[in-house]
Amino acid sequence: MRTEIRLAGFGGQGIGLAGLILGKAVSLYDGLEAVMTQAYGPEARGGASSTNLVVADRPIDYPFVQEADILVTLSQEAYTRFRDEAKPEALVIIDEDLVQPSPQDSCLKVPATKLAEDLGRRIVANVVMLGFLTATTGLVERESIEDAIKSSVRENVLELNMKAFAAGYEYARKLKADQ
Amino acid sequence: MTSSGVLTGKHFFQGDEACAEGAIAAGCRFFGGYPITPSTEIAERLAHRFPEIGGVFIQMEDEMGSMAAVLGASAAGARAMTATSGPGFSLMMENIGLAVMMELPCVVVNVQRGSPSTGLPTLPGQSEVMQARWGSHGDYGLAAFSPWSPQEMFDLTIHSFNVADRYRIPILLMADEVVGHMVERVVIPREDQITRWERKRPDPNNKDAFEPFLAEDPDLVPPLAYAGEGYRVHFTGLTHDELGYPDMSAETHHRLVTRLVEKINYNSEKIVQTEDHFMDDARIVVVSYGSTARSARRAVKDARQEGIPVGFLRLVSLWPFPTNQIRELADHVDSFIVAEMNLGQMALEVERHVRRPVTGVHHAGGAMMAPDRILDAIREVANTGYTHLR
Chain P
1 MRTEIRLAGF GGQGIGLAGL ILGKAVSLYD GLEAVMTQAY GPEARGGASS
51 TNLVVADRPI DYPFVQEADI LVTLSQEAYT RFRDEAKPEA LVIIDEDLVQ
101 PSPQDSCLKV PATKLAEDLG RRIVANVVML GFLTATTGLV ERESIEDAIK
151 SSVRENVLEL NMKAFAAGYE YARKLKADQ
Chain H
1 MTSSGVLTGK HFFQGDEACA EGAIAAGCRF FGGYPITPST EIAERLAHRF
51 PEIGGVFIQM EDEMGSMAAV LGASAAGARA MTATSGPGFS LMMENIGLAV
101 MMELPCVVVN VQRGSPSTGL PTLPGQSEVM QARWGSHGDY GLAAFSPWSP
151 QEMFDLTIHS FNVADRYRIP ILLMADEVVG HMVERVVIPR EDQITRWERK
201 RPDPNNKDAF EPFLAEDPDL VPPLAYAGEG YRVHFTGLTH DELGYPDMSA
251 ETHHRLVTRL VEKINYNSEK IVQTEDHFMD DARIVVVSYG STARSARRAV
301 KDARQEGIPV GFLRLVSLWP FPTNQIRELA DHVDSFIVAE MNLGQMALEV
351 ERHVRRPVTG VHHAGGAMMA PDRILDAIRE VANTGYTHLR
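Residue numbers (our numbering), protein chains in the order written: chain P, 1 to 179; chain H, 1 to 390.
It is worth saying that the hints were derived from the structure and are not from the lab. Treat the hints loosely; a few may be bogus.
[To be verified] If the Cβ cut is set under 8 Å, some of the chain P residues that face chain H in the computed set are:
hint, residue
1, 27
2, 35
3, 63
Virtual Cβ for every residue (Gly too), placed ideally from N, Cα, C.
Same shape as in the complex, but just chain P (with noise of 0.2 Å):
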C-alpha cells in the first residue's frame, strides 16, 4: 500500500505543521511509514503552499508525491493549482467557506475555517482539518494523532487544538451519519 496526501492552502494557515502531526502519527505512533516533503522555492513563499505526505506499510523509496490520492485544500488558489495534479478519482477534502470546486468534483465539504472560529482561533482551522481526515480515511488511528499533536503544539495550546481534532472528528462522523 502507498497513499500520496496533499495538504494545501496559504502560507500562515499551518499548513506545514498538519502534515507534520500526520506524519508523526503515521510513522511514530501507528507503525506505518511516512515521509513528508515541502517546497522550498520562492513558489513556496505566498499564493499556494503544499505539504506532502507518502505514507506506505513498507520503507519508501521514492518521497515524493506525483499523483495524490488525497487532496486537501483550504484556499481556492490551492485548489485550482493542485486539483489537477491529483488523481482523478482522489479523495478531495475542502474548506466549504473557502473553496469554490469545479460542477464536476465530488469533494467532501467541511467548513473547517468557520469551525475553527467557533473555538475561538481560526488558526487551527488545520488540526480541524486532520480530525475530518482521519474520520473519514481511516489512514491513521485516532489516537495517534492525538499522541502526535501533544508532541507537537504548545502546552498552552494544546487543549485547544485537541478541540479543534475533535470538532473536525465529529463533523465528519454526522456528516457519515446524515448520509
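On the provided structure of chain P, position chain H as indicated by the hints.
The following block gives chain H in isolation, referenced to the frame of chain P:
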C-alpha cells in the same frame, strides 16, 4: 534528553535536524559556519541546542573563516564541524586542504544543491562528488559519505566524526537537498549504545620526546596532541618534518605527501561502506548513492518484477572509492548502470575500474531523479546489452 544533552528516542525529523542531533550524539561541541540553503537548518538547530549543553556556535564572516575556526577548535581538542552547500563548499576548499596537511579531524557537511555557482539554492544536486575528492589543491586523501535518509544523516554524522578521529582527516558528508529537507522517522539509540571511536593520543609520560607528525604505527596515523596540553606542537600548511617544522626539501615533501595519501589507501577497506541487494544472480548492477539511490532501489525492484536479473549497489562511502568491491562484481556481471544527479561523475570512476560497459543515467540536478528513468535504462541495457544514455 540525557544529562549530556543527547536526544534519544523516535523522532519525525528533517535530514538536516537529524544531522545536527547526530553531531551532538557524537560529542561535537563546536560549530563554525555560515548559513546557506539547503544546509541552514543544521546551523539553526545547533545554534539553538549548543547553548543548552555547553557547545560553542559561531557564525563566521564567511566559509573560509568557518573552516579555519573548525580547524582551530579541532587543534584544541574539540570535535568540530561545519555545514554548507556548493558555493560555501568551494570557499572551504583551501582550508580543507589545510585540514589534510595538519591532520586535524573535522566534519564538513555539504547539503548539495543545483550547481555550478549559486545554481539552484532550494533544489537538489549531486554534482560535487569529484570536488569532494579533488577540490583542494595537491595530492591527498580523505573520506566522503553519502546519506540517503534522515536516519542516515544521523548515523553517518556520528560515523563521520569517528572516522575523522581515527585517521586524523577531514570527512565530507555529502548529503543533498532531498535528504536534507525530507522528513522521516529517525530512531536514536540510548546514549550508551552510540559508538564513539577514540582518537589516538600521545604518551603523556614522554612529552619531551613527542614528535607530533611521527607515524610509527602501520596505519600511518600519528597520535594527536592538543594545543595547551604541554606537548611541543607546531601546525603549518607548509611541508613539515615529523616535528611539525617547515622543511622545504623535496625528500621531506615526498615523504609527507606520500604518507597522507597512503594513510587512506592503507586503511581504505576499513573506511569503504557499500550496501547491496538482489546481487546473487545479477547480470546488470545499478550503482547509485544519496537520494538518487532511493529511486534506483525502486527501479531495481520493479525490474526484478519484470524478470530482469539486476542488482543494486549503493555507495555509502563515495571516497575512498570501493575499488575492490566493484572489480569483484565485474567478474560476475555483464554491465553497470550508474544513476546520479550530475552529468557523469561517479560513472567515470566506475568506468575506470571495470572492463564492462557502464551506462550513465544522468541529470544536471534540480529535481530528484524519478525511478522510471532508471527503470527505462535497466530495460534498455537488458535488451541491448549496452546503451549510452548521456
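Of all the hints numbered above, which does this structure not satisfy? Sort the numbers upward.
none
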